[in-house]
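*Asks:* Read off the chains here:
Protein chains: 2
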Amino acid sequence: MPRDGAPTRERILSVAERLVIENGFSATPVERVIAESGTSKGAFFHHFDSKVALARALVDRYVAADLGHLDRALATAQAEHDDPVERVIAFVRLFEEEADALMAEQSSCLYLAVLTERQLADVGTAEQIAAAVVGWRDAVAAMIREAYAALESAPTIDPAALADHLFVTFEGAFLLCRSTGDPTHMRRQLRVLRELVESLLRR
Amino acid sequence: MPRDGAPTRERILSVAERLVIENGFSATPVERVIAESGTSKGAFFHHFDSKVALARALVDRYVAADLGHLDRALATAQAEHDDPVERVIAFVRLFEEEADALMAEQSSCLYLAVLTERQLADVGTAEQIAAAVVGWRDAVAAMIREAYAALESAPTIDPAALADHLFVTFEGAFLLCRSTGDPTHMRRQLRVLRELVESLLRR
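First to last, the sequence lines map onto chains A and B. First residue of the first sequence: 9, per this note's numbering; consecutive thereafter. First residue of the second sequence: 9, per this note's numbering; consecutive thereafter.
In short, the hints are calculated from the structure, not lab data. Among the hints, a few may not be true.
[What the hints assert, rightly or not] Away from chain A, derived, C-beta distances all over 10 Å, residues of chain B:
1) T16
2) H55
3) L102
4) A147
[Said to hold, decoys possible] Which bits of chain B does chain A cover? Going by a derived footprint, with three or more residues having C-beta under 8 Å, they are:
5) 28-34
6) 127-139
7) 169-175
8) 187-196
[What the hints assert, rightly or not] Just so you have them, the derived chain B footprint on chain A, three or more residues with Cβ under 8 Å:
9) 25-33
10) 120-131
11) 170-181
12) 192-199
These numbers were taken from a predicted model, which means no experiment stands behind them. All residues carry an ideal CB built from backbone N, CA and C; glycine is no exception.
Using the sequences and the hints given, assemble the complete structure.
*Replies:* Structure representation (C-alpha cells):
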C-alpha cells in the first residue's frame, strides 16, 4: 500500500507535475521524482518507459484537467446568464475570481515548462497542448459570436483571436507573476481582460 | 581573429541566446554552445565563470535590447502623434506591424526560457527581468494616463495593469505560437490588444 493511499502512477505524476512546473523539465531529474514520490526506480520505469513518456503522461493529465475546467466554467456561465453578452463577461470573471486560489496551488503552468524545451515540443506534447488550445478557442469563440449577434453593431475583433487571448493572458500572467515574485498579477491581468471585454461588448 | 569578426564574448552570447530560446537552458549543454560558436572551453570559461554566469550575461544583454526597443517605439509614437489617445494606439500598432519580422528572427523569448527554471530565477535573473517589466510598465502607464486625461470620462482600468498587459500579450503569444507551430499568432494577438485598446479609448 503506498503511503498516502494514492496509486503509485498518480503519486508519481502529482510529484513530477509540481517539480516540473517549479523547476523546468530538464532541471528535474527522474531520481528526484522517484525520491519525492516515495517509490522505486523499478516502480517508476514500470509505469513510464522513459522521461519522455513521463512528459507525455504529465501533459495528457494536465490537458484533461484543463478541459474539465473549461467545461465547468462554460456550464456555470450558461446557467447564470441568458444574455449572451453578460455570459461572456461572467465567464471571464469566473477565472478572475479563482485566480488567487489558483496561484496558491501552483506557481506556474505546465504548458510553459514543457513548451519552452523544443525537444519536448517535438515529441508530441505540443500537439496535446494545441488540442487544449483549440478546445478553449472553439468554445469561447462560439460564446463571443453569440454575444456579437446580440449587439446592434458587432465588434470587428476576430472572435477566434479574442478567444485565444484568454490562453495568452493566463500564460503571460504566469510569467509576470514569476518574474516579479507577485502572484496577485494573475488576478489583476484577468481583471484587465474582463474590463477590456466589458468595454468592447457593453459599449 | 574570430571567423565572423565578432568578438568571442559576443559570438558566444548570440549562439547561446539562440540555443536557449529554442531548447531551454538546462537542455543547452555548454559544450554545444562552445562547438556552435567555434570557440574553445578555455575561451568560454575565460569569459564566463560558470553556466549561471552565462545566464546572467544573456539576460543582461536581452534586457538592454528590450529596453532599447521600448525607447525607440516611445520616440516613434511620440513623434507621430500629438493626440495622447492616438499615441497609445499607434504605440501598440508598431509592435503589431513588427510581429512577423520578430517571429522570423526568434522562435520564442529568452524570458520564457529563463523564468520557467526556478534555479535560474533564483540567481538574480528574475530581478533583471523584473527591472525590464517595470521599465515598460512605467513608460506605457504614463502614456495611458495621458490618454485617460484627454477623455471626457476616463476608463476605470488600472493604467499600470493595462501597461503590463502588453508584456503579458507578448509572452502568452510566444507560447501560443510554440504550441500551435503557427508564428502568425504573435501578430494576431497584438492586433487583438490594439483593437481592445482602441475600443476602450475611442468609445
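*Asks:* Work down the list of hints and note, for each, if the structure agrees.
*Replies:* Here is how each hint holds up against the structure:
no., hint, result
1, T16, "26 Å, holds"
2, H55, "23 Å, holds"
3, L102, "19 Å, holds"
4, A147, "16 Å, holds"
5, 28-34, "holds (count 5)"
6, 127-139, "holds (count 5)"
7, 169-175, "holds (count 5)"
8, 187-196, "holds (count 5)"
9, 25-33, "holds (count 4)"
10, 120-131, "holds (count 8)"
11, 170-181, "holds (count 10)"
12, 192-199, "holds (count 4)"
In summary, the structure agrees with every hint in the numbered list given earlier.
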